[in-house]
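Asks: Chains P and L, in that order, give the protein sequences.
Numbering-wise, the first sequence is residues 24 to 352 according to my numbering.
Numbering-wise, the second sequence is residues 24 to 352 according to my numbering.
These are computed hints drawn from the structure, not numbers from a lab.
None of the hints are false.
Which copy? The list can't say, so a pair holds if one copy fits it or any two copies do.
In silico DSS-like cross-links for lysine-lysine, where the CA-CA straight-line distance does not exceed 30 Å: (1) Lys-272 / Lys-282; (2) Lys-258 / Lys-173; (3) Lys-297 / Lys-49; (4) Lys-240 / Lys-189; (5) Lys-210 / Lys-269.
The primary structure of each chain is shown beneath.
There are 2 protein chains.
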Amino acid sequence: MRVVVDAFGGDNAPFEIIKGAYLAHKSYNVSVTLTGDADIINKTVEENSFDFGDDFVVVDTKDVISMHDEPTTILKSHSGSSMGLAFNELVNDRADAFVSAGSTGAIVVGGTLIVKRIKGVKRPALAGMLPAPDGSHYMLMDMGANADCKPEMLAQFAIMADAYLKNVEGISNPKIGLLNIGTEETKGDQLHLDAYNLLKNSPVNFIGNIESREMPKGVCDAVITDGFTGNIALKLIEGTSMTLLKMIKSVFLKSIKNKLAAIMVKSDISSIKKTMDSSEIGGAPLLGVRKPVIKAHGSSDAKAIMNAIRQAISFSQNDVIGNISENLG
Amino acid sequence: MRVVVDAFGGDNAPFEIIKGAYLAHKSYNVSVTLTGDADIINKTVEENSFDFGDDFVVVDTKDVISMHDEPTTILKSHSGSSMGLAFNELVNDRADAFVSAGSTGAIVVGGTLIVKRIKGVKRPALAGMLPAPDGSHYMLMDMGANADCKPEMLAQFAIMADAYLKNVEGISNPKIGLLNIGTEETKGDQLHLDAYNLLKNSPVNFIGNIESREMPKGVCDAVITDGFTGNIALKLIEGTSMTLLKMIKSVFLKSIKNKLAAIMVKSDISSIKKTMDSSEIGGAPLLGVRKPVIKAHGSSDAKAIMNAIRQAISFSQNDVIGNISENLG
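Next up, chain P with everything else stripped away, as it sits in the complex:
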């Protein structure tokens, strides 16, 4: 089992990525290939005594595709970037799974056009994993790969989510909901009205519309949505939580009395933050392509990368892709 990791993708590249890959190697006994500037990678590995074992591979390139590059440049001018070469390792079967914290757009383009879609899949989609208050998590799919969706795409997202949750997470009959502006069948815009009708007749365990007010409670295993709404929802949960936690923090700093109170509850408040921290869960699998591709959060630290690699291993070892293929057929 070998995972190829784009060592130069993400806000904290390369150090946190390399460290995360090392932690994953140590914890899960996985072989690692790193792509990116070999001088820097080797220097980092040596200086930090990261022992990757005998079958450690570094694929050298100075080029990096950034958030500001057009995603489609992964196919041509940036095909030799750290991400481009990581895709190269994956499609040439020199790696079983792919992890990158780099440009989401480039991962979606590379996944779709280099790794290629599973036969019958209209459009691959990113399945984000969001934390629920009870310490569990739920899937939000699509979280942003496809801004414009058709009802048939949403129906396929549900089938792919179902296959992933069953095979990777071991949920026997995942509850799947449609993100909508009311619980009634008659609610929503035309896209969601039509998607509802398709999902009603789908083989998945469709539990109906989910209102966004209920979503953060983790009321189902997968929330199906178009990539525009999914991306708005994902970032709004982040923004709302950050805003509220910042206000609470300012309360705790307001006076000596409040600072004292803060000390008394500090560890418990930290445990809330930990529960609601998506880096604990892993990255977002790109579902619908022929090999396991995991998009880690751009701000991933070593722990988040380690968790994304754990997820990539599980994605590869349980036949999600074969299962998606069967269920779509």
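Position chain L relative to chain P; hints supplied.
Replies: Frame of chain P, contents of chain L only:
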């Protein structure tokens, strides 16, 4: 200045609605018309010594349109409901403004087809007022009147928002953003790409795309969006805040030490809740119709109704509707 209030709309009707109307009468010296079961209204007024003055009017009806009724029934089978008769008072010039905490759908249908659109308006929209952490607030429009939108509708929403913020809130040059999945001009689905282009050439102070992560911070005066996304966003902010506050509350109840800490910060935490409480701000104006219509939150208490009536007075006294008409022309 007379406001007609649907005394039987909303979760806390009729008591909180009647009380809120009384508080508004007392605070703002506004004449009030209440619609609904006259026996219950008069009994409530008497028992609580709500002195509405000499020009108090009650329009009697036993019928109420509920959340479960088809919104279009406001035009026929429920035209004689408390909401229907309130619209009747408004369009027959026996009231200057309308407030209801009842069915949003029925208010939109009644506003559009009984009160009627301002000439040139494609579709009226609900302008929600959301609290910002600094104690100010911002507008989210459309928050759910139109699930399916066209780019031209979003451009009109911006013009209507601009007129309201200038005239009612006295903001001289409101900053108006488009809710989107990236700040760049090239981001979003086709609807938002096209809307961006229209807004760029609009007379309003368009500051570009706003990511949902930034929205809760109150980075602009009005966030323009389609009613589907707006409704998802509105309820997601509510759901995320509720979930997080519940988790924090459970921390404060966890041990005697934590309970003690809770006592120490209680009033400051309450002031956060008050800052983030949308009932402090008022209701959502339905912009684009010929007379002032305010939709109060379904869970409105007396204070929220009082604030919605204050807003209705200001909406009526400042020529928002004339201004919208001019700017669209």
